[in-house]
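Novice: Here is what each chain is made of, one letter per residue.
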Amino acid sequence: MNGTATATAKPPFGYLAEFESVRAVYKAAEKVRDAGFKHWDVHSPFPIHGMDEAMGLGRSVLSWLVFFGGATGALTAFILQGFTQIALYPTIVQGKPANLNTIPAFFPVIFELTILFSAFTVLFGIMGLNQLPRLNHPLFSSKNFCRFSDDGFFIVIEGRDSKFSKEKTKAFLEEIGAKEVELVEDDA
Amino acid sequence: MSAHKSVKDLPEDGEKFDIKKVSKLLGMLFSVGILTTIACAVIFLNQEWRATMAYSWLFAFIFFFTLALGGLFWTLLHNATNSGWGVAVRRLMENLGLMLPWLFVFALPFVVIPDVRGALWEWMGERREMISEAEDYAASHLETETAEWEEKVREARARFSEVRSGIESGMAKATPGEKAFLQEKLDAETAAFDALKSEDAAPTVESIKAHHMKESNVLLYNKGGFLNMGFWFFRFIAYFVILTLLIRFLRGLSVRQDADGDEKRTMLARRMSCGFLPLFAVVTTFAVIDWLMCLDYTWFSTMWGVYLFAGSALSSMAVLVLVLTYLRNLGYLRDVVTEEHYHIMGKLMHAFVIFWAYISFSQYFLIWYANITEETRFFLMRNTGHWNTVSILLVVCHFFIPFLALLQKRVKTTPRLLCAVSLWMIAMHIIDMYWIVIPERGPSLGAGVVVPGAIFFDVLAFTAVGALLAYIFLRSLGKDSLYPCRDPRLEESINLMN
Amino acid sequence: MGNFFPRWSNLLPLKLAFCLVVLGLAVACAMAYYFTPKYTRVGYMPSQPVAFDHSIHVTQLGLDCRYCHSFVEESPHSNVPTTQTCYNCHSVVQKDNPKLAPVHESMETGEPIHWVQIHQPPDYVFFNHSVHIARGVSCQRCHGQVDEMETVYHAEPHSMGWCLNCHRAPEKHLRPQREVFNLTWKPEDEDRETFYRETADLAGLSYEELLGASREKFGFEEMDEPMSQREVGGVLKEAWGVSPPEGCAGCHR
Amino acid sequence: MPNGTTTADEAMKGPQGVAREPLVLNNRSMNWITERICGVVENRQPLLWWVLFLPSLALAGLLAFCLVYLVSTGVGVWGNNQPVAWGWAITNFVFWIGIGHAGTLISAILFLMRQRWRTSINRAAEAMTLFAVMCAGIFPVFHVGRFWMAWFLAPIPNANAIWQNFKSPLLWDVFAVSTYFIVSVIFWYLGLVPDLATIRDRCKPGIKKLLYGMFALGWRGGNRHWRHYEMGYLLLAALSTPLVLSVHSVVSFDFATSVVPGWHTTIFPPYFVAGAIFGGFAMVLTLMIPARAIYGLQDLITHKHVDNMAKIILLTGSIVGYAYIMELFIAWYGGNKFESDAFHMRILSGPYTTYYYCMFFCNVISPQIFWFRWARHNLWVVMAVCMCVNAGMWFERFVIIVTTLARDFVPGAWGFYKATWVEKSTFLGTFGFFLMCFLLFLRFLPVIAVGEVKGVLPESNPHHGDDEH
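Chains as they are written, first to last, in the numbering used here: chain R, 1 to 188; chain B, 1 to 498; chain H, 1 to 253; chain U, 1 to 469.
Same shape as in the complex, but just chain R:
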């Protein structure tokens, strides 16, 4: 909207190329990967099966984070219950002793807190790894881009990629089957 004066000084955010179908964007992604680009992404209304391999991405590290999140939860619950029931407030109720032999009775809460902590790790893990929330982004200034959430399939090659060049990249994108290529400025 604004950004006309400074846009020339700054490098552009990148090229936004639209593709016809899932199949087309998938094939194109394989080519972009093979061309050796680093800072690029495929935008689609839903996750495309097999796109991680097509883009050459590995497995998400989220599962490890969640494993440790869950372990923290289990430990928290164990310490919370052990500490309060055995050390701080040992009462003999339900005919159960106030020592570690009562551990079966602690299982339900250990389980619940494991799940709770894991779920929080998932939520904040996704937000952290994806650097969300991010409400303002150069891509949003493209009128065309908003169709990514409807039925548009896009490949974005960013300007900060070392292989990026204003002319060649555009030609490359058109060559791999882009329907329309648009230069997105880093204005916002």
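By construction, these hints were calculated from the structure, which means they are not laboratory data. Bear in mind that the values here come from a model prediction, so they are computed numbers and not experimental data. We treat Cβ as the ideally placed atom computed from N, Cα and C, and that holds for glycine. Treat the hints with care, as some may be off.
Said to hold, decoys possible - List of simulated lysine to aspartate or glutamate pairs, EDC-like, C-alpha gap at most 20 Å:
| id | chain 1 | residue 1 | chain 2 | residue 2 |
| --- | --- | --- | --- | --- |
| 1 | B | K409 | R | E53 |
| 2 | H | K38 | H | D191 |
| 3 | U | K204 | R | D151 |
| 4 | R | K179 | U | E459 |
| 5 | U | K337 | B | D296 |
| 6 | B | K409 | U | E230 |
| 7 | R | K170 | R | E30 |
| 8 | B | K173 | B | E184 |
| 9 | U | K337 | B | E215 |
| 10 | B | K214 | U | D341 |
| 11 | B | K264 | U | D341 |
| 12 | U | K209 | R | E53 |
| 13 | H | K237 | H | D191 |
| 14 | R | K27 | U | E35 |
| 15 | R | K163 | R | E174 |
| 16 | R | K143 | U | E35 |
| 17 | B | K214 | B | E126 |
| 18 | R | K96 | B | E374 |
| 19 | U | K208 | R | D150 |
| 20 | B | K347 | U | E35 |
| 21 | R | K163 | R | E175 |
| 22 | R | K179 | R | E158 |
| 23 | R | K168 | R | E185 |
| 24 | U | K204 | R | D150 |
| 25 | R | K96 | H | E246 |
| 26 | B | K409 | R | D52 |
| 27 | U | K337 | B | E374 |
As the list claims (entries may be wrong) - These stretches of chain U come out as covered by chain R in the derived footprint (C-beta under 8 Å, 3 or more residues):
| id | region |
| --- | --- |
| 28 | 173-187 |
| 29 | 241-249 |
Unchecked claim - From chain B, some residues computed to sit far from chain U (all C-beta separations above 12 Å):
| id | residue |
| --- | --- |
| 30 | D136 |
| 31 | S161 |
| 32 | D187 |
| 33 | G252 |
| 34 | A427 |
| 35 | G478 |
Could you slot chains B, H and U onto chain R? The hints should help.
Specialist: Same frame as chain R, but now just chains B, H and U:
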């Protein structure tokens, strides 16, 4: 990402397992099986060892029974859920289930030798004793009891006439209100007296017997409707007849489809499997109630059937993984089964590891928490002394270790690793079954906690049943194609993507 | 079409989250301090209709607690003295002191003095003064150094946790029964021989037995070493068999 | 996968042979799906929405009134007393918590099993879960009497220097239900993020765009994001599955850990879980069959969906039946006098035998009609059975709680329980609150997971059309 595979590229008649390739193994299994079976037979013939051996045999039998039962379950589930992924391995499930009719042969000692079943299921002997004792008692006491009853009636008559005359004399000078009250009293007295002197109240052999049985063992008497020999035999036969019919019907459909490729057979199998599932549930539940829960007829748990089912489905999936890998190593099923199938089988194993833990924890937990005398016996026996070590071992090794192992995708998709887990799971299932059957032996036979030396019998029985069944299983693999080669869903299955 | 959200909105969520965390911690700390009886009760010092000075009566004049709170040993409730009790002395002493005007007025009209109650357990708590007194819990343990107060105030929180502190470890607070009303008593002042001779009777042991057992347990060597609260309380707890209730039904009946 | 022009009429007849049915009928395009689902949120609501919303609002008001009346007057306005101290309050709690199980079940278990038909119904079912759990939470909170003291259940240090009794099933319940609610909210919200982005991108700048935009977190649909998102979603599904099982198991522990006859039986945990799924699916169908008709979503929520859910109802209903029979068998077989008497009282001689037979008919007999395809494909029959099941599951909880408490060990302590108008109105009010929340959800959020439905279209497979050459 591999290219789409077509059924057309596969051999038209499927792959047949050539048993000649494994003739050495078969020969070994057969000879070991026969030798150990003879040894077992010798032990059974020995009066002194028979009871000890009975438990060993039950342990061996029930372990393999649960495996075969699991084969049937997976076949049923696969058909009923209209599933596509498992077509490639369905024949293996069917073959595993097909061991059920054979297991009847191995169950024969329980039916044929009275001492064997008597040693295992004490209610049989106790019940017989209870009945004969009650009969003797009834026969010898009929006269005295009748005399006693007559005496009682006589006394009551005297008392009744006294009361009646008293009331009647009182009625003469009573107010209307009092009259009604006295009349009521008189009616009650008359009714009580009539009841006592009526023919029904007269002691008979039957009534004395029933009364005596109730007195001597009320629990066994009350359970007589379920725990009696006639019904027990009927159930025993019925279980095997039903299970045999189920598996033969489904496998028959499947094999006939190999020849004609008729889609309708798939539809029929699906419809029938849905209907068979309730039947399967009932048979499984009562079979394990009969054979395992009744090892101690005083103990009970509503969860019992589900608990055995969970272990059965889990370990039979492990067996399927092992058999599959074995066949693939021999060069079969290479084009049909991929790592994706392993992945799903691994996931199912994982699910059942959790399910087993859930069920067994719930069962233990509720009994432990409520702490009611009649229920805790089972766990008192297994959570004290050396058996407690086994219990704790089960918690750690039947749940935590495989759970953590199967958490990783790599383990589920690598056949070698999944086989290791499967072997582990089967070992744990052996221990689980041992832990269910064997602790009952020592106390039942009056030989302390553990019968010394009996473990050799256990190993022997296990080897005998195992080797022979493995022999039969391998041979039955060779009869038909190793996968349903004309199943309409085969293409979907071989292109499986997780 | 440009971005709907301005650029500064990108960092806003993080800033907000940070502020929320700080705010949350602040609120938690504030509540932990200000919403507990430690804060809400302790220090409560209402002005009474008569400016009665405990420090004069107790410390200077040496009046025993029981002179005024006469039923504290027998009754669950500790009574507040009647006007007549005041008049025992003040009909003569300081008769014309203007501070005593409400007392005279009360005496004339028969209307009791409206003392403001300071220590008030909730109605669902059954607290019995007499049992505590009978087992060596001094007034001062719950009401503070009343003997030095010019105006009485709430010295201890009287929260449930505070009660439980003592119920869980009574040995930290017990003293010989004769010293319950001695608000200046210290364990160091206690004479060991007297203490053990008295306590041996309570414990049903001989003096030598009790002394020997304690010597082992508390590790003193000389008889004239000063005694510690641990020793006094520990021995008394054993001797009396004190095991205060820790379950709910002990106080909430 | 053959995908001709299957229409709703053809789908009615069911699958021909073994071919797989398409999940979206009439070959709809992605844009059509977006328009249709977002249209529900963006367009004016149909008259029927208002017709349903206003009475729901009124009933929710009744709930508020009843609760205010309860608190201001005292818990005595409810009919519970000794010996039946739990009565309707806990019956309703277990009932609503059970309803709340289908949502996460559909989302999690069916997701893990790669049952792609879940995509059309999971969003609504999850929303239903949340509202049902809210309704459930009301009852125990107010049942404690002084509900402003309910924070005593949280394990935080306080001036009382005591700690919760972690050996108590009731405390496990607190943990289980609150964990379940939080995880369900996370699951639901995570699934909503891409769809909120869809609505955001369609909004004109304004307050709506601001709100949807804020909650969409600036989602851009990049595959580098989808990668973590998909993994996270999978993990949440994997976590929610045992969580669903645990919640109702823990609820069953409230009963089964005791020694009370009729409560203490080891099959309770799986039996409660099956019952919860059973009742939950019935409620999903009860809500979704009208909703799809009102908003014209028949191409997305097809007969296949109804058929599958009917089958799950049949399955879980039969599992519940298995548990009933096992309970009866073991009550007789176990030889415990009190246990067998408790069941004798339930089915033959007690004051509440009618409830038992209602329960048995509604839960075990009525779903058996789903063995027949015509019944699963006749929406009226499906609705009728679902209503039966909704009622039957309430009866089940009533039978378990009230008949047992009214007739426990000592005849001298027996009693009779009758609910007051306050309890009845409160229960009715929760239905109002539930429906109100659900209607508001329909109004403001995408009722179907837009992105996920697009993902099950044949053309969403990157290899779609690879063979045709």
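Novice: Taking only the CA atoms, is the gap from K173 (chain B) to E184 (chain B) under or equal to 20 Å?
Specialist: Since the Cα atoms of K173 (chain B) and E184 (chain B) sit roughly 16 Å apart, the hinted pair holds (cutoff 20 Å).
Novice: Between the alpha carbons of K208 (chain U) and D150 (chain R), is the straight-line distance 20 Å or under?
Specialist: The hint holds at about 18 Å.
Novice: Between the alpha carbons of K168 (chain R) and E185 (chain R), is the straight-line distance 20 Å or under?
Specialist: Cα-Cα ~17 Å, so holds.
Novice: For D136 (chain B), is the shortest CB-to-CB distance to chain U above 12 Å, so the non-interface label stands?
Specialist: The assertion about D136 (chain B) holds, with a minimum of 25 Å to chain U.
Novice: Given the proposed pairing of K347 (chain B) with E35 (chain U), does the C-alpha separation stay at or below 20 Å?
Specialist: Not OK: K347 (chain B) and E35 (chain U) at ~38 Å, beyond 20 Å, violated.
Novice: Under the criterion that the straight-line Cα-Cα distance not exceed 20 Å, is the pair K179 (chain R), E459 (chain U) satisfied?
Specialist: 18 Å, holds
Novice: Is K337 (chain U) within 20 Å of D296 (chain B), Cα to Cα?
Specialist: 19 Å, holds
Novice: Hinted pair, alpha-carbon criterion (20 Å max): K204 (chain U), D151 (chain R). Please report holds or violated.
Specialist: Holds. K204 (chain U) to D151 (chain R) sits at ~19 Å (cutoff 20 Å).
Novice: K409 (chain B) and D52 (chain R) were given as a pair; does the straight-line alpha-carbon distance stay at or below 20 Å?
Specialist: 16 Å, holds
Novice: Between K96 (chain R) and E374 (chain B), is the straight-line Cα distance small enough, at 20 Å or below?
Specialist: Holds. K96 (chain R) to E374 (chain B) sits at ~19 Å (cutoff 20 Å).
Novice: Given the hint that K337 (chain U) pairs with E374 (chain B), does the C-alpha gap stay at or below 20 Å?
Specialist: 12 Å, holds
Novice: Hint check: K179 (chain R) vs E158 (chain R), CA-CA at most 20 Å. Holds or violated?
Specialist: 18 Å, holds
In summary, the numbered hints that this structure violates are 2, 11, 12, 14 and 20.
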